[in-house]
Amino acid sequence: MNSKNRKLVETWAPWVLLFAIILLWQIICSAFEVSEFIFPSPWRIWTQFVEYHTIIAGHAWRTFWVTMVGFGIAIVVGVLLGFVIGSSRLAYAAVYPLMTAFNALPKAAFVPILVVWFGIGIGPAILTAFLISFFPIMVNIATGLATLEPELEDVLRVLGAKRWDVLMKVGLPRSMPYFYGSLKVAITLAFVGTTVSEMTAANEGIGYLLISAGSAMQMGLAFAGLVVVGAMAMIMYELFSFIEKRTTRWAHRGSQGE
Amino acid sequence: MSTSNADNYFVDFRDVWLAYNDELLAQNHFAVEGINLQVKKGEFIAIVGPSGCGKSTFMKLTTGLKMPSMGKILIDGQPVTGPLKISGMAFQAPSLLPWRTTVDNVLLPLEIVEPYRSTFKQKHKEYEERARKLLQKVGLGGYEDKFPWQLSGGMQQRASICRALIHEPKMLLLDEPFGALDAFTREELWCILRDLWTEQQFNVILVTHDLRESVFLADTVYVMSKSPGRFVVRREIDLPRPRELELTYTKEFTDLVLELRSHIGAIRSTTSAATAIPQ
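Listed in order, the protein sequences are those of chains A and B.
If you read the first sequence in this note's numbering, its first letter stands for residue 4, the second for the next number, and so on.
If you read the second sequence in this note's numbering, its first letter stands for residue 12, the second for the next number, and so on.
Chain A extracted, bound-state conformation (with noise of 0.2 Å):
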């Protein structure tokens, strides 16, 4: 009973900070009586949302499919890197380092050059969305893969299992955990680089409402485009959680017995 009632302050214990947070933050806007051109109050994001709600869902329905695409092609490239990095020795020396330092580089550097070669729109927002977000799925597959137990490896080679036995056996299953555990991080990038990307190089979307909203001195516009790029982001990432813990209940065992 006692473990029962825990569990359920834990499931709304989110919730109660975020009403404290926006109650606290209207609370000061109410008392300092801040400017709402400034820092608007929970309640004129709220107004601002329910006024301009049409418009607010037409860019974030752009923002959210271009996101996606962006984030179905990080996952393809993701994994076939991971599975060619992962699988031989030689791929993962030579690419890894070369990867990292990509990965290193800031994306949002590289909306003006995909501007310059795809023009304002679409393309600029999914590439950085896919650019972003396919590194984590690629290092996690080839985690996955290249961490096999060396007796294991023993137990199939002796029945003269092929390298492409064994890791269709082993290692692609074995890094699955990684490779959904992966997509919770990519999924929130894939939300950043495209909104980033809308920012500059687009005239539709989040990115863009945020650039145009801002730029009319309409703050608490702004805050609600902000306010629904963190909540899209947090679904998604609610969804491959859910997923993740559905396919793969053998890796969180230890979360069972509790």
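These are calculated hints, taken from the structure and not from any lab test.
Predicted, not measured: the structure shown is a model, and the values here were computed from it.
For each residue, glycine too, the CB sits at the ideal point set by N, CA and C.
One or more hints might be untrue.
The following label-pair restraints were derived from C-beta to C-beta distances [what the hints assert, rightly or not]:
{"#": "1", "chain 1": "A", "residue 1": "A111", "chain 2": "B", "residue 2": "K157", "range": "47 to 55 Å"}
{"#": "2", "chain 1": "B", "residue 1": "P126", "chain 2": "A", "residue 2": "G122", "range": "40 to 48 Å"}
{"#": "3", "chain 1": "B", "residue 1": "G164", "chain 2": "A", "residue 2": "W167", "range": "27 to 35 Å"}
{"#": "4", "chain 1": "A", "residue 1": "T203", "chain 2": "B", "residue 2": "G164", "range": "52 to 60 Å"}
{"#": "5", "chain 1": "B", "residue 1": "S273", "chain 2": "A", "residue 2": "T103", "range": "51 to 59 Å"}
Straight-line C-alpha distance at most 25 Å; calculated BS3-like pairs for lysine-lysine [unchecked claim]:
{"#": "6", "chain 1": "A", "residue 1": "K172", "chain 2": "B", "residue 2": "K144"}
{"#": "7", "chain 1": "A", "residue 1": "K165", "chain 2": "B", "residue 2": "K132"}
{"#": "8", "chain 1": "B", "residue 1": "K71", "chain 2": "B", "residue 2": "K96"}
{"#": "9", "chain 1": "B", "residue 1": "K134", "chain 2": "B", "residue 2": "K83"}
{"#": "10", "chain 1": "B", "residue 1": "K181", "chain 2": "B", "residue 2": "K148"}
{"#": "11", "chain 1": "B", "residue 1": "K181", "chain 2": "B", "residue 2": "K96"}
{"#": "12", "chain 1": "B", "residue 1": "K83", "chain 2": "B", "residue 2": "K262"}
{"#": "13", "chain 1": "B", "residue 1": "K136", "chain 2": "A", "residue 2": "K172"}
{"#": "14", "chain 1": "B", "residue 1": "K157", "chain 2": "A", "residue 2": "K248"}
{"#": "15", "chain 1": "A", "residue 1": "K172", "chain 2": "B", "residue 2": "K132"}
{"#": "16", "chain 1": "A", "residue 1": "K172", "chain 2": "B", "residue 2": "K77"}
{"#": "17", "chain 1": "B", "residue 1": "K77", "chain 2": "A", "residue 2": "K165"}
{"#": "18", "chain 1": "B", "residue 1": "K96", "chain 2": "A", "residue 2": "K172"}
{"#": "19", "chain 1": "B", "residue 1": "K77", "chain 2": "B", "residue 2": "K96"}
{"#": "20", "chain 1": "B", "residue 1": "K134", "chain 2": "B", "residue 2": "K96"}
{"#": "21", "chain 1": "A", "residue 1": "K165", "chain 2": "B", "residue 2": "K134"}
{"#": "22", "chain 1": "A", "residue 1": "K165", "chain 2": "B", "residue 2": "K237"}
{"#": "23", "chain 1": "B", "residue 1": "K134", "chain 2": "B", "residue 2": "K144"}
{"#": "24", "chain 1": "B", "residue 1": "K77", "chain 2": "B", "residue 2": "K181"}
{"#": "25", "chain 1": "B", "residue 1": "K157", "chain 2": "A", "residue 2": "K172"}
{"#": "26", "chain 1": "A", "residue 1": "K165", "chain 2": "B", "residue 2": "K181"}
{"#": "27", "chain 1": "B", "residue 1": "K96", "chain 2": "B", "residue 2": "K144"}
{"#": "28", "chain 1": "B", "residue 1": "K71", "chain 2": "A", "residue 2": "K165"}
{"#": "29", "chain 1": "B", "residue 1": "K71", "chain 2": "A", "residue 2": "K172"}
{"#": "30", "chain 1": "B", "residue 1": "K134", "chain 2": "A", "residue 2": "K172"}
Among chain A residues calculated to face chain B with C-beta under 7 Å, some are [unchecked claim]:
{"#": "31", "residue": "E152"}
{"#": "32", "residue": "L155"}
{"#": "33", "residue": "V158"}
{"#": "34", "residue": "R160"}
{"#": "35", "residue": "L162"}
{"#": "36", "residue": "G163"}
{"#": "37", "residue": "A164"}
{"#": "38", "residue": "D168"}
{"#": "39", "residue": "P176"}
{"#": "40", "residue": "W253"}
Since chain A is already given, all that's left is putting chain B on it; use the hints.
Structure of chain B alone, referenced to chain A:
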């Protein structure tokens, strides 16, 4: 003379030396050296020795996962040229796949080794039945559809041995299979292994550093010395079969264990006297 003998032995090592790579070979630094070993068909042998004496290397040589630098290995009359599918292996770590149920773990080798591989889909029912029978035989009835992480260490090890035996190998290689288990579970598994072997009469090569285990189970015990690994003593265990656990408390049993122990002791003191040799 020696060629006619080859037919009689199942495992036949003739002056086998192994260095792990060319560099070590050039330095004359061998992991195992001068191994001569003749094992009859269906014989149960145990190899004991201090850790790091090349026992595991010996297993890799026997299964064809490593080729000797010098010398010749014949298994079942055939020279070893590559991985030997007629062998099954189990190690100290059960290394079962956590996303497969116990029965699916046991079936894994059949998905890989011929002739089962090509018929795995059609005869799945039959193979699964076989795996379940084998699991029941080692006392895992009722746990076939559980996941490995739901089993105790001893149960996992039983499943691991089943996986090694599912393709009915002619030779079972065990590398300290009971090393991580508690004393009671270990004795229980000795008996299970004894019964499986008595029933199916495959060859067993058991690598262990438990002397009681080796004496209880094996027909012949070999004592291996440390770096370089070589056999220093061969001892036939002529205790009558079937052997029961009570036997391990008799005088003749403990005498045998003590005798083997004295050889190990002798090895240890000589190596510690000769520590000038780099590892």
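Against chain B, with CB atoms and a cut of 7 Å, does the hint on G163(A) hold up? holds (5 Å)
For a C-alpha distance cap of 25 Å, please report whether K71(B) and K96(B) respect it. Holds, at roughly 13 Å.
Does K144(B) lie within 25 Å of K134(B) when you go C-alpha to C-alpha? holds (16 Å)
Agreement of K71(B) and K172(A) with the hint, judged by alpha carbon distance not exceeding 25 Å: Judged against 25 Å, a Cα distance of about 22 Å means the pair holds.
Take the C-alpha atoms of K165(A) and K181(B), compute the straight-line distance between them, and say whether it is at most 25 Å. Holds, because 22 Å separates the two Cα atoms, which is no more than 25 Å.
Mind checking the CB of L155(A) against every CB in chain B and telling me if the closest is under 7 Å? Result: holds, 4 Å to nearest chain B Cβ.
Distance restraint between K157(B) and K172(A), which requires alpha-carbon spacing of 25 Å or less: holds (19 Å)
Would the pair K96(B) and K144(B) pass a check requiring their Cα atoms to be no farther apart than 25 Å? holds (22 Å)
Answer holds if the nearest beta-carbon of chain B is closer than 7 Å to that of V158(A); otherwise answer violated. Holds, because the Cβ-Cβ distance from V158(A) to chain B comes to roughly 5 Å (cut-off 7 Å).
Take the C-alpha atoms of K172(A) and K132(B), compute the straight-line distance between them, and say whether it is at most 25 Å. holds (15 Å)
Agreement of K77(B) and K165(A) with the hint, judged by alpha carbon distance not exceeding 25 Å: holds (16 Å)
Is 40 to 48 Å a correct range for the gap between the Cβ atoms of P126(B) and G122(A)? Hint violated: Cβ distance 60 Å, outside 40 to 48 Å.
Against the hints set out earlier in the document, violations occur for numbers 2, 9, 12, 22.
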